Amino acid sequence: MSYNDLNRFDLVSYPMDEVSVSEEADDTSQDFDASTRHLGHLSIKDPETPPPNTFHDPEPPKEACKTGRLSAVGHLSLFHLPAVATTLMLVTFYSVHIRWGGLSDEQLSYLQFAAKGHEALILISLTDILMHRIRYNLLHEENGVPLGFLSSSFVISSPISYFFSWELWATLLRPHTKSNYAKMNTQVTDVLIIISIILSVAAAPLSAIVILPRSGWWQIHVPMHVESDITYINGPLWERNLTYHPEYTYLDSSNGLVEGLDRLRDVIDIPPVSLHNSTRQISNISFASPYRVISITLDFPSLIDLQQQSLAATTTPLKYVGDFYDISWQGRPVEVLTRTRQKHLGDRFESVWDSKANLTEAEKWKMFRQAPTSRWKQPIVSVECSFTRMTGNTAHFEFKSNITANDVLLRTEDNNDFKAFLDNINESKKTGKGSAARYLFLDLPDNHVSAAILFLRVVGDLDETGLSLCRIHSRWAEADTWIEYGESVYKTHLDNPLFDVEAHFRRSADADDLITMNKDWLQNTSRQVPSSNSSYHDILNYCTEKDPFQISRCLTISLSVYMTYILSLTSSWTSYNIMSESFLDSPQPTPDDIVIYKEYFVGGYGYDWKSSRTIPFAFSILLLHVSIVFIHITIVLWSRHPWYSSSWGSFGQMMVLALRSRAPDGLGSVGAGVSSSKTWSTSVSVRVVGDEDRLEMVLQNEKGGLSQYQEVGGEVEEEGFDRGSSLAQPGVKYH
1 MSYNDLNRFD
11 LVSYPMDEVS
21 VSEEADDTSQ
31 DFDASTRHLG
41 HLSIKDPETP
51 PPNTFHDPEP
61 PKEACKTGRL
71 SAVGHLSLFH
81 LPAVATTLML
91 VTFYSVHIRW
101 GGLSDEQLSY
111 LQFAAKGHEA
121 LILISLTDIL
131 MHRIRYNLLH
141 EENGVPLGFL
151 SSSFVISSPI
161 SYFFSWELWA
171 TLLRPHTKSN
181 YAKMNTQVTD
191 VLIIISIILS
201 VAAAPLSAIV
211 ILPRSGWWQI
221 HVPMHVESDI
231 TYINGPLWER
241 NLTYHPEYTY
251 LDSSNGLVEG
261 LDRLRDVIDI
271 PPVSLHNSTR
281 QISNISFASP
291 YRVISITLDF
301 PSLIDLQQQS
311 LAATTTPLKY
321 VGDFYDISWQ
331 GRPVEVLTRT
341 RQKHLGDRFE
351 SVWDSKANLT
361 EAEKWKMFRQ
371 APTSRWKQPI
381 VSVECSFTRM
391 TGNTAHFEFK
401 SNITANDVLL
411 RTEDNNDFKA
421 FLDNINESKK
431 TGKGSAARYL
441 FLDLPDNHVS
451 AAILFLRVVG
461 DLDETGLSLC
471 RIHSRWAEAD
481 TWIEYGESVY
491 KTHLDNPLFD
501 VEAHFRRSAD
511 ADDLITMNKD
521 WLQNTSRQVP
531 SSNSSYHDIL
541 NYCTEKDPFQ
551 ISRCLTISLS
561 VYMTYILSLT
571 SSWTSYNIMS
581 ESFLDSPQPT
591 PDDIVIYKEY
601 FVGGYGYDWK
611 SSRTIPFAFS
621 ILLLHVSIVF
631 IHITIVLWSR
641 HPWYSSSWGS
651 FGQMMVLALR
661 SRAPDGLGSV
671 GAGVSSSKTW
681 STSVSVRVVG
691 DEDRLEMVLQ
701 NEKGGLSQYQ
711 EVGGEVEEEG
721 FDRGSSLAQP
731 GVKYH
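Mapping the sequence shown onto this note's numbering, position 482 (from 1) lands on 482, and the numbers just tick up by one.
A few of these clues could be false.
Claimed, not checked - Here are the computed lysine-lysine pairs in the BS3-like style, where the Cα-Cα straight-line distance is at most 25 Å: (1) 66 with 519; (2) 377 with 546; (3) 377 with 319; (4) 519 with 419; (5) 491 with 610; (6) 343 with 366; (7) 343 with 319; (8) 377 with 343; (9) 519 with 116; (10) 519 with 491; (11) 519 with 183; (12) 429 with 419; (13) 319 with 519; (14) 546 with 429; (15) 491 with 319; (16) 343 with 610; (17) 377 with 610; (18) 343 with 546; (19) 430 with 419.
As the list claims (entries may be wrong) - Listed next, with one range per pair, are the computed distances between beta-carbon atoms: (20) 111 with 369: 29 to 35 Å; (21) 164 with 111: 29 to 35 Å; (22) 235 with 392: 36 to 42 Å; (23) 173 with 370: 57 to 63 Å; (24) 496 with 188: 49 to 55 Å; (25) 478 with 331: 47 to 53 Å; (26) 502 with 164: 48 to 54 Å; (27) 374 with 502: 22 to 28 Å; (28) 291 with 201: 35 to 41 Å; (29) 188 with 732: 24 to 30 Å.
Derived from the structure by calculation, the hints contain no laboratory data.
This structure is a prediction, so every number in the text was calculated from the model and none was measured.
Here a beta-carbon is modelled for each residue, glycine too, at the ideal position from N, C-alpha and C.
Make the full structure from the sequences, and use the hints.
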């Protein structure tokens, strides 16, 4: 209003009984003059006309609360059943591993809308629970509800500002009630509000976490008649003390050693200087068979000088694990990932199987499925070679891997095998007879190694003896083994990266799980058909001819690949049918035999508890909401008088109730805001006042009385006296 408007009002004065506020807001077709254009304008009327009591025609009386289990069930089903049913349905989906298959980006967008809908259902449920608590305290609790809690249910969808306001914390920290029952009742409401705020904030991300499926591989089941045909490897496997004589040939004319070494040429060749800063690259190479690959790395993060350090680490799955191909059946999906695991049958085919001769095929298949499975083990081999020249009767070798002792000193007086080796070399020099390439299996008592091989190196006409000592470290390590659709080679995944030699071998020194290789075992595994030379002799010859000045690097790579290949070989395999009526077709598995067990997976989206660590956490919070709903339903339905209310379901309705109530005396000086915590902790109730069954919001004083009704007939009554008010009754209609 401008200054001129104020002057205009000052020029005219009216008697007070002739001035009234225009309240005929309904009647837009009549008296639409200048005096009714603005709410703040005064209107001049006949002083005999009584002022209207309401803005419009009075509404009919309404019930503040209702009773009856049937109506309560309907109300609870409408507000809580959708959210609870959705959450429990998602729990079922995750429990049975529902798979969606391939989903497009558009379909994932639809699921995001579904997640938003689930969030909205949770907020509706929380709002109704909190509203029920507030309404019940307003209508039926003598101590009412703190004033700061009135708006809690209306801001549940965006509670951050309310969470950091005095409205909430004033009541939490400085409760106004004094009786134990009132304090306990307020504390229950406190906890419910805090939990509701947490759930409302977390509902959006948690709904998205559980509704949006994860992309991954999902296991499919194999028909019983297909899975009954098993293949097992004759054990024992994964022995650490290798002393026995192998019963099978390692290399023959079809997979000769020279052909295998030629396949290593690209790895043995030193890369250009510009490529020396490689980043732990792992190469997959074929050695004795193009259908089996050996993973090799020469790049180690803890070794700075890659030029002078000759170290290689290699691994490959067991032979028959990688050579055994998939099986097919009718209805099998096309793009299938096959994971192979080992199954331990134990004595099931000896004691249990024979003692239950009348087992059905389904029972046999069930017993087979119950046998434990685990990951395959595969060899990890690390070889390091060091070159030195003889100084008298002593040879000193330096290593840099820190797997075991870095310095090795060989002296003829301490090692008879080394002395005989040198004597043979010197005799060959004197007589001019003998081979220029020789090797020796050494025992190194102070070194924690699987084996050690000493190679003699003679370059051209140089009259000096060069020696290369190669230390072999090997152990069995568990790995995941699988083959993808369209691939011909199995892939493996170790718990620790292949280049982490410290994790693989330095811990082995403490755990004593290092493989030890006997001299006889080393000699027997070097047999070739039809060549009469040993494998180690051919390896040394190959490396000498390839690059005489990089023999240590060549020996390191060649020995590591060769020893990995040898360790991956297994004995024969046998087929067996567990459903067969007779065991005469093939020998039954023994406790030492290991079954090659196949599991099949298809890619796509789906629900699985293990697909993300956040999923169990998300459901733990969402199921908290479900628990609160069940508690709320139990309280409502199993109370003596089932009760619910839909009154004052919005902030506007609550504000209208406050506006039509008599102004309390206890809220002084709050026109510009509330700064006192005592105001928010003051209890407020809804009571029936007067003879017209009128519901009003009343404020309680410190002694529990209603502060609006302390004056009767113009005289002040005794403080704390409550006159003309009562509790609202279910089913009764009020103005």
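To see whether the hints hold, each was checked on the structure:
no., hint, result
1, 66 with 519, "violated (93 Å)"
2, 377 with 546, "violated (34 Å)"
3, 377 with 319, "holds (12 Å)"
4, 519 with 419, "holds (17 Å)"
5, 491 with 610, "holds (22 Å)"
6, 343 with 366, "holds (14 Å)"
7, 343 with 319, "holds (17 Å)"
8, 377 with 343, "holds (12 Å)"
9, 519 with 116, "violated (69 Å)"
10, 519 with 491, "violated (32 Å)"
11, 519 with 183, "violated (84 Å)"
12, 429 with 419, "holds (15 Å)"
13, 319 with 519, "holds (24 Å)"
14, 546 with 429, "holds (24 Å)"
15, 491 with 319, "holds (13 Å)"
16, 343 with 610, "holds (22 Å)"
17, 377 with 610, "holds (24 Å)"
18, 343 with 546, "violated (45 Å)"
19, 430 with 419, "holds (17 Å)"
20, 111 with 369: 29 to 35 Å, "holds (34 Å)"
21, 164 with 111: 29 to 35 Å, "holds (33 Å)"
22, 235 with 392: 36 to 42 Å, "violated (50 Å)"
23, 173 with 370: 57 to 63 Å, "holds (58 Å)"
24, 496 with 188: 49 to 55 Å, "holds (52 Å)"
25, 478 with 331: 47 to 53 Å, "violated (33 Å)"
26, 502 with 164: 48 to 54 Å, "holds (50 Å)"
27, 374 with 502: 22 to 28 Å, "holds (25 Å)"
28, 291 with 201: 35 to 41 Å, "violated (56 Å)"
29, 188 with 732: 24 to 30 Å, "holds (27 Å)"
When held up to the earlier numbered hints, the structure conflicts with 1, 2, 9, 10, 11, 18, 22, 25 and 28 and fits the remainder.
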